[in-house]
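Student: All chains should be built: construct the whole structure from the sequences, respecting the hints.
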Amino acid sequence: MVDVFCPFTGMAFLGRLEESSKKAAKWLVEKTPIRSFRDWAISFSLWPVHFTTSCCGAEFAAVSAPRFDMERYGFLPFNSPRQTNLLLIEGTLTRKMARAAQIVYQQMPSPKYVVAMGACALDGGIFHNSYNIVRPHELFPIEYFIPGCPPRPEAVARAIVMLHEKVKRGGTR
Amino acid sequence: MSSSVMKARLLSREGDESVYEVFIGPQHPASGHMRFIVRLQGDVIVGVDPDIGWVHRTMEKLAETKEALKAIPLFERMTIIDSQNVTIGYVRALEKLLGVEPPPRARYLRTLLSEMNRIASHLYGMGLSGIFVNHSTMFMWCFGDREVWIQLAEELTGARLTHAYSIPGGVRRDLPQGFAEKARKAIRYMRRRLEEYRKIFFDNPQVRARYEGVGVLKSHEARRLGVVGPNLRASGVRYDARLLGDYGVYDELDFVVPTAEEGDAMARLLLRGEEIRQSMRIIEQVLERIPEGPILAEKYLRLIPPKLREPALKEGRIKFPGIFANLKIPEGEAVARAEMGHGEIFYHVVSDGSKKPYRVRVVTPSFRNVVLFRYLPPGHRFMDFPAIYGSLDYFPPESDR
Amino acid sequence: MVGEILEIVFSPQFFGPVVFPGLVTVLLVLLTIIWVERKIAARVQMRVGPLYVLKPLGGAIQMLADGLRFFFQEFIIPETVDKLPFVAAPVVAMTFAILPFAFIPVAPDFIPYSVPYSMPVFLGLNTVIPLTIIAMAWGSNNKFSIQGGIREAYMTIAYEAALFTAALAMAITYGTLDFAEMVEAQGVPGILVNPLSAAVFFVAMLMSAGKLPFDIVEGEQEIVAGPFTEYSGIAFGLTMGIGYVQLYGFTLAFTLMYLSGWEPLIPFLHDIYPALGGVMLFAKAYLLMVFIVFLRSVYGRYRLDQALRLGWRRLFPLSLLSVFFAVVLRVIGVV
Amino acid sequence: MSVEDLLRRLEEKGLEPVDRGDVVSVAVEPHALREVAELLVEEGYDHLASVEGIDRPGEDVIEVVYHAESYSEELWGKLAEIRVRVPRGEPRVPSLIDVWPNALFLERETWDLMGVVFEGHPELRRLLMPPDWEGPPPLRKDYKVATEGVFVVVE
Chain E
0 MVDVFCPFTG MAFLGRLEES SKKAAKWLVE KTPIRSFRDW AISFSLWPVH FTTSCCGAEF
60 AAVSAPRFDM ERYGFLPFNS PRQTNLLLIE GTLTRKMARA AQIVYQQMPS PKYVVAMGAC
120 ALDGGIFHNS YNIVRPHELF PIEYFIPGCP PRPEAVARAI VMLHEKVKRG GTR
Chain F
0 MSSSVMKARL LSREGDESVY EVFIGPQHPA SGHMRFIVRL QGDVIVGVDP DIGWVHRTME
60 KLAETKEALK AIPLFERMTI IDSQNVTIGY VRALEKLLGV EPPPRARYLR TLLSEMNRIA
120 SHLYGMGLSG IFVNHSTMFM WCFGDREVWI QLAEELTGAR LTHAYSIPGG VRRDLPQGFA
180 EKARKAIRYM RRRLEEYRKI FFDNPQVRAR YEGVGVLKSH EARRLGVVGP NLRASGVRYD
240 ARLLGDYGVY DELDFVVPTA EEGDAMARLL LRGEEIRQSM RIIEQVLERI PEGPILAEKY
300 LRLIPPKLRE PALKEGRIKF PGIFANLKIP EGEAVARAEM GHGEIFYHVV SDGSKKPYRV
360 RVVTPSFRNV VLFRYLPPGH RFMDFPAIYG SLDYFPPESD R
Chain X
0 MVGEILEIVF SPQFFGPVVF PGLVTVLLVL LTIIWVERKI AARVQMRVGP LYVLKPLGGA
60 IQMLADGLRF FFQEFIIPET VDKLPFVAAP VVAMTFAILP FAFIPVAPDF IPYSVPYSMP
120 VFLGLNTVIP LTIIAMAWGS NNKFSIQGGI REAYMTIAYE AALFTAALAM AITYGTLDFA
180 EMVEAQGVPG ILVNPLSAAV FFVAMLMSAG KLPFDIVEGE QEIVAGPFTE YSGIAFGLTM
240 GIGYVQLYGF TLAFTLMYLS GWEPLIPFLH DIYPALGGVM LFAKAYLLMV FIVFLRSVYG
300 RYRLDQALRL GWRRLFPLSL LSVFFAVVLR VIGVV
Chain U
0 MSVEDLLRRL EEKGLEPVDR GDVVSVAVEP HALREVAELL VEEGYDHLAS VEGIDRPGED
60 VIEVVYHAES YSEELWGKLA EIRVRVPRGE PRVPSLIDVW PNALFLERET WDLMGVVFEG
120 HPELRRLLMP PDWEGPPPLR KDYKVATEGV FVVVE
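Residue numbers (numbering that gives the first Met the number 0), protein chains in the order written: chain E, 0 to 172; chain F, 0 to 400; chain X, 0 to 334; chain U, 0 to 154.
Hint data in this document are derived by calculation from the structure and do not stem from the laboratory. Hints may contain errors.
What the hints assert, rightly or not - Just the calculated beta-carbon pair ranges, DEER-fashion:
1) E/Pro146 to U/Lys143: 25 to 31 Å
2) E/Gln101 to U/Lys143: 24 to 30 Å
3) U/Ala145 to F/Leu307: 30 to 36 Å
4) U/Glu72 to F/Gln40: 40 to 46 Å
5) E/Pro146 to U/Arg8: 56 to 62 Å
6) E/Gln101 to F/Glu260: 44 to 50 Å
7) E/Thr31 to F/Pro377: 44 to 50 Å
8) X/Lys82 to E/His136: 35 to 41 Å
9) E/His136 to F/Gln40: 42 to 48 Å
10) E/Glu29 to X/Phe13: 55 to 61 Å
11) F/Glu195 to E/Lys25: 24 to 30 Å
All residues carry an ideal CB built from backbone N, CA and C; glycine is no exception.
Tutor: Structure follows, in structure tokens:
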């Protein structure tokens, strides 16, 4: 963030080149045709990060496996949080894991979404009185909760489709 | 090998400044819910420190706060992919304390679901071992075929994964109509698929190159380390908790406990395939021989009010009488062992005569296999590590409980 | 005025690098081949694959959605990275992946930059990419990235020697270093004349483009995404594309060297506009690419040391053998 | 290598083994623990199946229970159980990692969750609990968690 000499000071860029270019880019991205284009692209490219927090991961794997195949919606579990935009909390979040989940969430580039899966992620579920769990809604802004213990893959698929539609019509901001 | 040499290999090594430490997990494409601190010297692993506990949901403590029966669905969450086998041990321990034996039909039904779960669990493990060498087809095939067995189990019990099928004294539901035919069809399908797995995976030169001769565990080491399950049998030790005759009807059935001598990762994978074959044999025999009769012990059937008892027996669904949840567990102790897909699970239930167990100790197969992460990888290449991990069929929530 | 612009646009010097086989075609190939890869894998794996993004065409524009998403996503430059290589390396890598297309002839009278040694120039420009990948790895300042960079360095040395020597064999066979002349010299497709060289070139090509079973550099099961672990947004989109662009370039070169290039030429198309004569070349290269991405559903990943052993102990001696073979062919005067 | 041998040898040591069907149970003092463990290894109990602590605040002791298991066919159905009672205030037992190598993680877990100190264990670090866990070992009876009500209506 340095002041750059700019002959058009006061005309095009108000003072700081970097900041005003960011503003301009943001303005451009928020304009209607580009924004709806962008929302369309994001909605068909929800890539969850490879981050299994608990046993609901078994059903999460089933979601991308042949019978339920969420890749039809462009849903592709991917390696590093830097390249993904969806964090699926798969079941119980233990205290140890919650910290990792927070770091993973911070590492993800925006726009990013969180979907909490399972009764444990809702409010503890069967482990509501455990000494080692946290409720994910205290940590992240969560778009959708998926009830069930574990939720059936259909339910997970439905949540993803709902998120997909929400993103598509620009409902996530 | 003396135990001191073994101990030296087991202890974690910090290494000097030439060691390159890589943290694999908890967010990592190949770690699932755990972390490995892998110490490398060049490309060679000097030591691995498994850091578990990321999914520790305090099952043992919570079991003490619940009525004994309610802990069955709780323990299922340890190994959600294998929930009948993980709870059968607990149910057996309760049965020993309560002094009831399940009727023959219930024992057959338990065996049936156990084997279906074992197949699903092995498919899960084989699928993961595929993705750990980036063989995505194996992963997808196994997970797709797993759905066949999950659907069958759903038909039998009403739940995809969390069956809560065995209860002290029997099972919860009877065999649905037309189940035998569907199961036989699934077996025919699976036999055909296993051939295809062999073609694309087990005989694939790339897979053989990655798995053969990697992570060799010798027989005497496996004995001393208390390794369980297919990992033990692949090292040439013939031991299977099903052979103890403590639960199910395994002593009446004709099946083989496969073993392999090599003890490497490939042997562990092939053994899982062989166990699926044996499980299918067991299912066929169970469907043939299953006797007629009640599915809950007489002692508990009597607890059901008479006007509900007749429909319950007719429909084959047990609706729990209220008193059932409030069973007093007689004072005493019981141990039970059962063979899960991953290996042997051990339960020790201590009761002080109240409704809730005083202490439940459960040692899960994955927890007993954790030592292998210390023991096997040193000396291997870094890229062998996922192969070793994949071949061990380790399930973190089970280990952490 | 319009005529002049059109003349410039349709001159081989512009049309070659920018439209075909260059930038525009590269983007088109990128968009489709990744979709083809995912679709083939899905079909083998009893799935459907990308579909709902464009249902009538089976989701063919899935990569457009993914690419746009990367484009609009935040590009995070972490505090700990070395900013210049981190930001510049993907761009440089992409540039050097696209530059070689200027030296690829697509039809008899359509040679963008006619140099008498287009083959070494093409291969040489491709060897810059590993350096940029190492720069990315180093700039990322991430343990996984550095591991990936080291793997890239090892792999580069292992496959490049074999790749160049195999190509040399063909140069000896045809007596020229120019792609266009090679195609003209091919009465019989080169793959039949010197199958050894073709096999070595093919495997080395797989290694170079980082395709299965040699996607060791990005080995996600060990090192997350290798050198690209820290990249997000548009920069990751670029890094993801590099491998495919390289693959496209190599398949074109393979077609020119071993599969008799644009032959059989379709005179009707060639008469309309010379570049259209390259349709056969493109079709062959594309089919080859489809075959290569199909390998994803058959193979897993080899280990680093196994790949290196393959490179040094098998491919390199075999490539030397193929040179010897080419010399023998030349001496006895078969070609 | 048979159960009779084991019972006889334990009795020779002056202990009182109890055969409870599938378990041979023997109570020992902490100082004799290692000796008995080595005896069990000689008798074919080659690994541990479990190490656990049972908290008994009423008697002010923690009972450390070891279950040894064997992969030899003669001893399959019989577990060997060693019970050690240590004071609740200062629960210390010698580590058996030299005798049974796989006690490594089992003992570490028992330390983590029950607070039993295994003397001579090389790495008593947190295993399952978060590394910054403070407060009493969670499996002790004085660590209370909310209990469930009874939701079942008695018909």
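Student: Each hint needs a verdict: does it hold in this structure or not?
Tutor: Here is how each hint holds up against the structure:
For the hinted restraint 25 to 31 Å between E/Pro146 and U/Lys143, the CB-CB distance of approximately 29 Å keeps it satisfied. The hinted range of 24 to 30 Å is satisfied by E/Gln101 and U/Lys143, whose Cβ atoms lie roughly 28 Å apart. Checking the proposed 30 to 36 Å range against U/Ala145 and F/Leu307 shows it holds: the Cβ atoms sit about 33 Å from each other. Restraint check, U/Glu72 to F/Gln40: a C-beta distance of roughly 42 Å satisfies the suggested window 40 to 46 Å.
Roughly 57 Å separates the CB atoms of E/Pro146 and U/Arg8, a value that falls within the hinted 56 to 62 Å. Judged by the Cβ atoms, the range 44 to 50 Å given for E/Gln101 and F/Glu260 holds: they are separated by roughly 48 Å. A C-beta distance of roughly 60 Å is found between E/Thr31 and F/Pro377, which places it outside the suggested range of 44 to 50 Å. Take X/Lys82 and E/His136: their Cβ atoms lie about 36 Å apart, and the range 35 to 41 Å holds.
E/His136 and F/Gln40 have their C-beta atoms about 44 Å apart, which keeps the hinted 42 to 48 Å range intact. Look at E/Glu29 against X/Phe13: about 36 Å separates their beta carbons, and that is not inside 55 to 61 Å. Taking the beta carbon of each, F/Glu195 and E/Lys25 are about 52 Å apart, not inside 24 to 30 Å as hinted.
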